[in-house]
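Novice: Residue strings, one per chain:
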Amino acid sequence: MLADIIENAKTLPRAWWIGILAAVGFTLVYAQTGSPYYQSFLMSLAMYVVLCSSWNIISGFAGYISFGHVAFWGLGAYLTAILINNAAMPWPVALIGAGVITAAFAALISHPLLRLSGVYFAIAMLAMAEAVKVVVSYARPITGGGGGIYLRPLIGVDDAFLMMSLLAIVLVAMIALMMKTRFIQSLLAIRNNETASDSLGIPTARTKMFALVTSAFFPAIAGGIYILNTAFIDPKTAFDISITINTILMTVFGGIGTVLGPVLGPIAFMILSEGLWTNFPFVHKALLGVIIILLVLFLPTGIVPAIRKVFTGRKVARGTP
Amino acid sequence: MLEVDKIDVSYGEVPALRQVSLRVEKGTIVSIAGANGAGKSTLLKTIVGYLTPRSGVVRLNGETISGLPAYQIARKRIALVPEGRGLFSDMTVEENLALGAYSVPDRGVIAKRRAWVYELFPRLSERSAQVSGTLSGGEQQLLAIGRGLMSGPEILMLDEPSLGVMPSFVDRIFEVLGEIRKSGTTILLVEQNVDRSLRMADYAYILQTGEVVLEGKGEALLKNDMVRHAFLGLA
Amino acid sequence: MPELLTILISGLLMGCIYALLAGGLTLIWGVMGIVNLAHGEALMLGCFAALYFAATGFVPPLAIVVFGPLFFLFGVLLYVTIIRRIVNAPELMSLLLTFGLSIFIKNVAVLAWGGELRIASYLEGSFAFGGIYVSKARLVAGLIAITISLGMYAFLRYARQGQAIRAVAFNRRIAEQCGINANAIYMIVFGLGTALAAAAGILAGTIFAFTPLVGEQFILKAFAITVLGGMGNFLGALIAALLLGVIEQSVTYFIDAQISAAAAFVIIILTLLFRPQGILGSR
Chain S
1 MLADIIENAK TLPRAWWIGI LAAVGFTLVY AQTGSPYYQS FLMSLAMYVV
51 LCSSWNIISG FAGYISFGHV AFWGLGAYLT AILINNAAMP WPVALIGAGV
101 ITAAFAALIS HPLLRLSGVY FAIAMLAMAE AVKVVVSYAR PITGGGGGIY
151 LRPLIGVDDA FLMMSLLAIV LVAMIALMMK TRFIQSLLAI RNNETASDSL
201 GIPTARTKMF ALVTSAFFPA IAGGIYILNT AFIDPKTAFD ISITINTILM
251 TVFGGIGTVL GPVLGPIAFM ILSEGLWTNF PFVHKALLGV IIILLVLFLP
301 TGIVPAIRKV FTGRKVARGT P
Chain R
1001 MLEVDKIDVS YGEVPALRQV SLRVEKGTIV SIAGANGAGK STLLKTIVGY
1051 LTPRSGVVRL NGETISGLPA YQIARKRIAL VPEGRGLFSD MTVEENLALG
1101 AYSVPDRGVI AKRRAWVYEL FPRLSERSAQ VSGTLSGGEQ QLLAIGRGLM
1151 SGPEILMLDE PSLGVMPSFV DRIFEVLGEI RKSGTTILLV EQNVDRSLRM
1201 ADYAYILQTG EVVLEGKGEA LLKNDMVRHA FLGLA
Chain A
2001 MPELLTILIS GLLMGCIYAL LAGGLTLIWG VMGIVNLAHG EALMLGCFAA
2051 LYFAATGFVP PLAIVVFGPL FFLFGVLLYV TIIRRIVNAP ELMSLLLTFG
2101 LSIFIKNVAV LAWGGELRIA SYLEGSFAFG GIYVSKARLV AGLIAITISL
2151 GMYAFLRYAR QGQAIRAVAF NRRIAEQCGI NANAIYMIVF GLGTALAAAA
2201 GILAGTIFAF TPLVGEQFIL KAFAITVLGG MGNFLGALIA ALLLGVIEQS
2251 VTYFIDAQIS AAAAFVIIIL TLLFRPQGIL GSR
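Protein chains in written order, with this note's numbering: chain S, 1 to 321; chain R, 1001 to 1235; chain A, 2001 to 2283.
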């Protein structure tokens, strides 16, 4: 896999490297100089880039639509807080620990759940997330139950923004570099035709499990960073289904199964909903519904393929007499 | 009369039929033979409206039917007995027959036809309340034919009716086709059993890689060297 | 013993209402392959129809007679304008589209009617015999619901149109070969499904307090029932609904009302793990 990644790194267009460097540079500078309001806004944006890019691995590349991704984010937040409060871990260790435990949880559920296909997998993931929510709500001695879990404030919004943004950049760059690897190519093959992939010798079960594990790890870290900054979370927030829904919508809006879709989707979507929120404070949710319907009907493949089509379309037009 | 006039059909970019023409005169049995992948099933699918020809037309009694939705073509009394039977296998024999007559408004007519089908296939009448998926392969084929007859078709098209049926049943099926023809129904038959189908046919077409390479009276084709060589295994 | 019977009867009556709701969901799912996430909103609109009827002085359950056909037309309209376009689209697209429809409808309802709890109650008190108590309103609602469900089942089983619906569900192509217009069947099915959910809403609105967001709780129950009964299996849904009703009542009585809300999820997970084809399904 490493050889594939290096090979891929050589062929990655220069614009990509410039983009990655620019994003890192901006993050480092803005964490020092930016206003807390915009840092907080950009942190949410980066968080959704992480959620969307992660969701895109199992749902976009492998075609297993997850309706329960918020569970990984919420578990990450809760586990980080628990490891700090109950195990007295330093927060960086707790953060990684939360990611690892959540990934292990994903590995555990992957065997039964990834046997299901289509809508059944989607519903099972939804039920899984709700079940986790119920368990967390009732495990009062450790989780604080429905009242939520508290943490002493450990990092400011500037550091939270820095970490979230770097996490997003690392994840997106990693996926871009891994596009040509056997791992992601296998996922695409599974999406196309799982039975055929199986008979071609792709270890589908293991590949899907690895996809779900990766897809769970990064949201957990994002959830951990979130709670390090807010110092409080309750089950209602941690397992809010609208986080899953937003993730799916943003990714579809950007372009499901593409590398840049989960980046452009959240950007476009958050700017759009910020605009809706301020201009139509009362009807924005209803409008969101209309936007979703229009999106599905008129732009089902998202903006990235649409943009690509415009560019390649022009090239073809120029080439033909 | 069914008339296929120089149709071109393709799956995406892959051509499946090229300039295929054929005529099925009223009251006759017309047979189509050819190797696997020659385009026989594609031809039937085009006639019933699943596929639309790129060029050329299909006409029924002079009226163009290609391009119409499949259910409207079915209502023009063209019935297909699909390959693999295509029964509603979780429904009973009776229900399958009723669905065959879906486009017939008159209950009296439906009852009469059902009686006729049960007369043709007494086995089905014994099993009218049985779920069709539990019938034997041969019985299922008879039911599929019976369902096709329930619409009172002007043309009955059969796609490989003897495929996967026990030899003893094959005789019965060909016998039945003779009786159906006597009742005035036109038959278009696609059959792997070339010998039998040509013997029975008034007229036949040989398809090869999407084109009609030979046509003529059934008995005449049986004597044709190419047919004897390619399909009957005779030198 | 009388307590147990009280719980059982109460659970069965609730299950009858669930069956009506889930019957619509499973019908649409089985025939069209669409998981209609806006199904709960049809129920919510039904609740408000009952409220409107109560306000005008009529007995709320009668709203089914007047509003049933209207909701059928509403479903037909949704099909013709929107749903029709995603019948053959990938699952994610139909899930997203019906989800968009769901949040549109419920938020318009919030704007129109506000978010406070209401109820279309009209019948107080309970029948009591031998220590068994049965709420009058619940009894009426449950009996009407089971009557409609059984009527619907008979329609699917014996009527010509019902057979055509099952034929399209089994195999669209072969059905079309029999002269059945599958698109027309889809339209009818979406109309029927919507009307069934609304009827469930009209009945539920007479015994439960609701807000425009009531659909969220019910859609999850309907999911659980559909999965347990086997996708597209109307009779399976009926049995699964009764089962869920009884399980919920028992959990509420013996453990905790909040945990009973989780019963649906436990059922979904257990069914998908151990019997993905549902209780009556065969695969």
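Derived by calculation from the structure, the hints in this document are not laboratory data.
Treat each hint with caution, since some may be false.
Computed footprint of chain A on chain R; a stretch qualifies when at least three of its residues, placed anywhere within it, have a C-beta under 8 Å from a C-beta of chain A [to be verified]:
| id | region |
| --- | --- |
| 1 | 1015-1022 |
| 2 | 1059-1071 |
| 3 | 1090-1097 |
| 4 | 1100-1111 |
Yeah, the Cβ is synthetic: ideal placement off N, Cα and C, and Gly gets one too.
Novice: Hint by hint, note whether the structure agrees.
Specialist: Hints, one by one, checked against the model:
Taking a C-beta to C-beta cut-off of 8 Å, the region 1015-1022 of chain R contributes 0 residues in contact with chain A, too few for the three needed, and the coverage statement is violated. Coverage of the region 1059-1071 of chain R by chain A holds in this model, with 3 residues showing a Cβ closer than 8 Å to a Cβ of that chain against a need of three. Only when three residues or more bring their CB closer than 8 Å to a CB of chain A does the claim for the region 1090-1097 of chain R stand; here the count is 3, and the claim holds. Note: the region 1100-1111 of chain R has 3 residues with beta-carbon separation from chain A under 8 Å; the three-residue rule is met and the coverage holds.
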